[in-house]
Structure formats: C-alpha cells, structure tokens
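2 protein chains.
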Amino acid sequence: MLERRYAILGTGALGGFYGARLQKAGLDVHFLLKSDYEHVTQHGLVVESKDGDFTLSQVNAYHDVEKMPRCDVVVVALKTTQNHLLSQMLPHVLKDNGVVLVLQNGLGIEEEVADIVGNDRVIGGLCFLCSNKLGPGHIHHLDYGKVTLGEYAPDYQAVGNTDRIQQIGNDFERARIPIDLAEDLLLARWQKLVWNIPYNGLSVILNATTRELMADAYTRKLVEQLMYEVVAGAKTSGRTISDRFIAKMLDYTDKMKPYRTSMKIDYDERRPLEVEAIFGNPLRKALVAGVNLLQISCLYHQLKFLDAQIRELSM
Amino acid sequence: MLERRYAILGTGALGGFYGARLQKAGLDVHFLLKSDYEHVTQHGLVVESKDGDFTLSQVNAYHDVEKMPRCDVVVVALKTTQNHLLSQMLPHVLKDNGVVLVLQNGLGIEEEVADIVGNDRVIGGLCFLCSNKLGPGHIHHLDYGKVTLGEYAPDYQAVGNTDRIQQIGNDFERARIPIDLAEDLLLARWQKLVWNIPYNGLSVILNATTRELMADAYTRKLVEQLMYEVVAGAKTSGRTISDRFIAKMLDYTDKMKPYRTSMKIDYDERRPLEVEAIFGNPLRKALVAGVNLLQISCLYHQLKFLDAQIRELSM
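Chains as they are written, first to last, in this note's numbering: chain C, 66 to 380; chain V, 66 to 380.
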C-alpha cells in the first residue's frame, strides 16, 4: 500500500502537535488553519516539546477546506464546539476509501461523523496529551501524548482491531506517538470520561487545579462520587468499569503535576466549552436508558451557565 | 407582665437592625458587639432603612457577655459559623425563665441551643430580611423584614402557638416588624431552605445574582431541581411541601430585584460560609432517613471547598 496522506482539521495545540510529528516522520500531511493561516504559511510550525523541540519551516497549510487534496486519513482535531462545520468540511477532504479519525473528547462524536461519511469510515481516537498553543503556529507540548485508537461500528458495537487502525497506529508510532488499540471504543470513551467529567467540570466551576481538587477532602470525595456516576452511566451502555479503575485514576491524579484541564484552559481563554460532548451526551445516553446521573447533571447545568456567559462575551 | 428585656447576640446587619427597631419602639435592649464595640459606644447605631432612617445615639453596648444583664429574650443573631460560642455565652445572659430566640438560617440550630439551655426555652425565628452593614454600627435595610416565629419542642414536634411567642410577636409588631407565627417550626425551616439552598449555593458557586440564575434556562432548571430535592428532604422529616410552594418561590424570585444572597455577601467579604447550617444539616437529616439528596450534596461539597479557601485566607 502507498503511504497514507493525512489531513489535520484544526491545527491547534492538539492537531498541530500530532500533525507536525507525523510530517516530521516523513508522512504527507495537510493542515487546515483559521486565524494562524497567514503566520504558518510564512513561518511554519514551531513545536517545543519535552521530547525535543523542532520546527517545520514548510507545511502544507490551507485556509479553505475546498483547496485541500483528498486524504486517506482526515484527523478531526477541532474543538467539538466547532463540529457543526464537519458536514460541510468532510466531503471535500475525504477520499472515497478514506477514513475519519476523531481525536476529540466526549461521547457520541463518532456517531455524528458517521451520519456524514458513513458507518464504515470512522475511527475514534482518545488523546492523553498535555499541550498548549503559545502563539500562532507555536505549540508547547508539556507532557504525555498517547493516543488510543478504536474502530467505530454502528451503535458502538465492539469490533476489535482492524488492519486500518493497525496501519494508522504504525504511522503514529513511526512519529514517536505512543499508541494503544482499544477493542471496544465505547468502553474507552466512558473510561476517559471517568477522568474528564470530574476534573474538567470542577476545575472550571471551582477555579481549581487538579492538585487543589485532590488536596481538599470534600472535592476529593465529590470527584470520586462523580467517577462512580460515570461508571453507572457506562453500565447503561452495557460497559463495565471496575472500582479498581477509579482507584487507579485517583492515584494517577495524585501523582500528576498540578494540572490545568483542557476545559479550564478554554474557560480561562474565554473559548466556548465542550459541555455537550463531555457532559450533555453521556447524560442523555444514560437518561435514554432510564438513569439520571444527578451529580453530573448538576455540573452540566452549572457549566452551561458559565459557557453561556463566555459565548455572550465573544459575540 | 413586666416588659421583656432583650439581648442581641451579634449586632450586625440582622441583629443590629431588629435590635435597633425594638429599642426605638421603647423596649429595653442590650447589644453584644465585637469589632464595632468602641465605635458604637461612642456613636450609637445608625439605621438607613426604606421604612425611614434613624439613629440611636445611646445604646447598651457590651463587649463581654459576662457584663450583660440577664434577659428575658436572648436573640441569637450571630452567623451560625460562630455557634460554637453559644455554650459559653447563653448561660451568662439568659434569665432563669428566659427564652432564646434563634434568628439564624438553616436547620437543626434550635436542637443545638436546646442542648445548652433546655428543651423548653428555645424559639425559632426565620427572617426574610435584606440588610447590609455599611460600616461599624451602620446598617442599611434594603427590603423586606418579616420574621416568622415558631415554638421549638423536642424532635421538632409541631406544638402550635404559645403565649410567649405571641408576646414576643407583639413586641416585634410594636417595633413595626411584620410577624408570622408558624404552627410547625420544622416545616417553616424546610420551606425556607427551598429558597436558601438553590440561591445561596449557586450564587456563590457561579458568582451570580438571583436574576442571572433565573435568566439562564439551565440554572433556572437546576434551581427548580434543587427545590424538589429540598421537598424530598422535608418529606424525610414528615413534612409536606407542595409543588405550588415551589412555583410561588420561583415566581417570587422572578419578581425580586437582582439580589445578592446572604451567603454571596459573606463570600464576597471573605467571611466563613454557613455551609453546615444550610446544607450539611439538611443533608445529614435526610441521610439518616436513608435519602441521599445528590444535587444538594454536590453543592455542599463545592461550597466546602470554597469555604476552606476563605478560612485559609483569614487565618
């Protein structure tokens, strides 16, 4: 097989980092940019990374998705708050036998993408990455970076690994991006929410780092209770997450450096929050199964209030 | 019967206002002060009120509870965060046949006071008052002012009205303070929580006025859901609050001027929050009956975190 051509939709802290790594490893990568387009066309992409700094002085940068070549793998690295643009974007950039790789947080995004491109052309990716954008085309990779890849099938049936995710995984590994393959994408999504729901939510609502949330006995308890509600939510999807997994997440967070969550960074930068992907979709999935996750619902309503204030400011 | 002598423990926005009104009506009132003692001794109490401004140039001010005369009615107008002081204070200032009137927010405070002074010497009072302290001995009464009085009996048995609450009610009415008599103190306490729990909690957590909370569809919904949880809590105490009462509270708040709740004022002034009286005690009462009020619990844990930050700052 020929080498896969990659499109990166959303060249920010996440898409810019992974895309730059793929290009540096010799792959053919095409970047869609918005506000940073002019700057990146002239100066390329700069990546400061704990694994070694590098600059890509020449990148295939596009301001308009219609000018991009059709690609084998279209990486969706936008914020989910921009996903209403996908139905217009994806048909322009996806090869007939290409696949969309959704590198976003939250639940149910693959279903939305499958509605646009078809059920057999979607892969989910969960990123465990700590990365910021310092300025136009200037990315700071602080820590972590692993991507968990999982094949999407209708109703999130677990279909195990496929050749194509193995091949994409190989490309990522060639780019020194650690890869896990998930046999059950939906389980992996719920597992990631065990961390994302308490820490993303409470860090914004209480203006706190992960360390502050863990140091206080009351928020630590609330974090744990929220994790158990996520587990109850997963159960409504027929997915089992063990108590040991919760213990592991708490322990892992205890040992992390004080961490500003992605939602807290969005909030501090006054960007719309990914409330629906991370909170709304899991809540609704559980509710359809007759389970009301009350504490997550409490956070959801609080975050919707804070998000509306941001959106009002930015109008 | 001779005229009743009043002690006011805690001469702030609430105690100062009611005490000043009682003295202005000719009653014998004795004020306990802390930081404002020197100032009030020299300059008296100044009340700016929507019902008419007045100054009391001479007041019976005390810095030390042991120097106060024993009184017929000891009004507890401290913040509940100061209630650990009551076991030392009350025995000094309460006449043998006197009664303690608890003018505080939250649940279960009368029980704590009864443990100190005896079951037959406690009356509860619920204040619907909007009042701030502008400076030492300087009170600004903005709106409302009604007090609901209710007799306390062990286990909050509803005992109806008694002569003594009627008499105290008469004193308050003489001071132009509107009075209601509650036949069931515990029901009145739970009813007040229907308002206090959502608005006090969310105004602090989300840095919002009542109007902002009502204008946003999501927080409005959360307010309503929290009100229903309070009703579920009341039910565990054998008290019934109707849906109509919730509708009335929502409607009443819609029509209010934008209002900074008492807990929000405390938070903004970096004073310890009354989290245990307003949230912790109702939660524990319901939990003993086997009911976990999950959304109130979520607010409780969030407020404990914010309260700990304040207490750390003020140490």
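Keep in mind that the hints were calculated from the coordinates and are not lab data.
Careful: at least some of the hints might be erroneous.
Same chains, same names: a pair is fine if it fits in one copy or spans any two.
[Unchecked claim] Pairs of lysine-lysine residues, derived as DSBU-like cross-links and limited to a Cα-Cα distance of at most 30 Å, are as follows: (1) Lys300 / Lys211; (2) Lys369 / Lys286; (3) Lys313 / Lys132; (4) Lys89 / Lys300; (5) Lys144 / Lys115.
Outcome of the hint check:
{"no.": "1", "hint": "Lys300 / Lys211", "result": "within (26 Å within a copy, 50 Å between copies)"}
{"no.": "2", "hint": "Lys369 / Lys286", "result": "both (23 Å within a copy, 11 Å between copies)"}
{"no.": "3", "hint": "Lys313 / Lys132", "result": "neither (46 Å within a copy, 59 Å between copies)"}
{"no.": "4", "hint": "Lys89 / Lys300", "result": "neither (41 Å within a copy, 65 Å between copies)"}
{"no.": "5", "hint": "Lys144 / Lys115", "result": "within (24 Å within a copy, 51 Å between copies)"}
In the structure shown, a violation is registered for the earlier hints numbered 3, 4, in ascending order.
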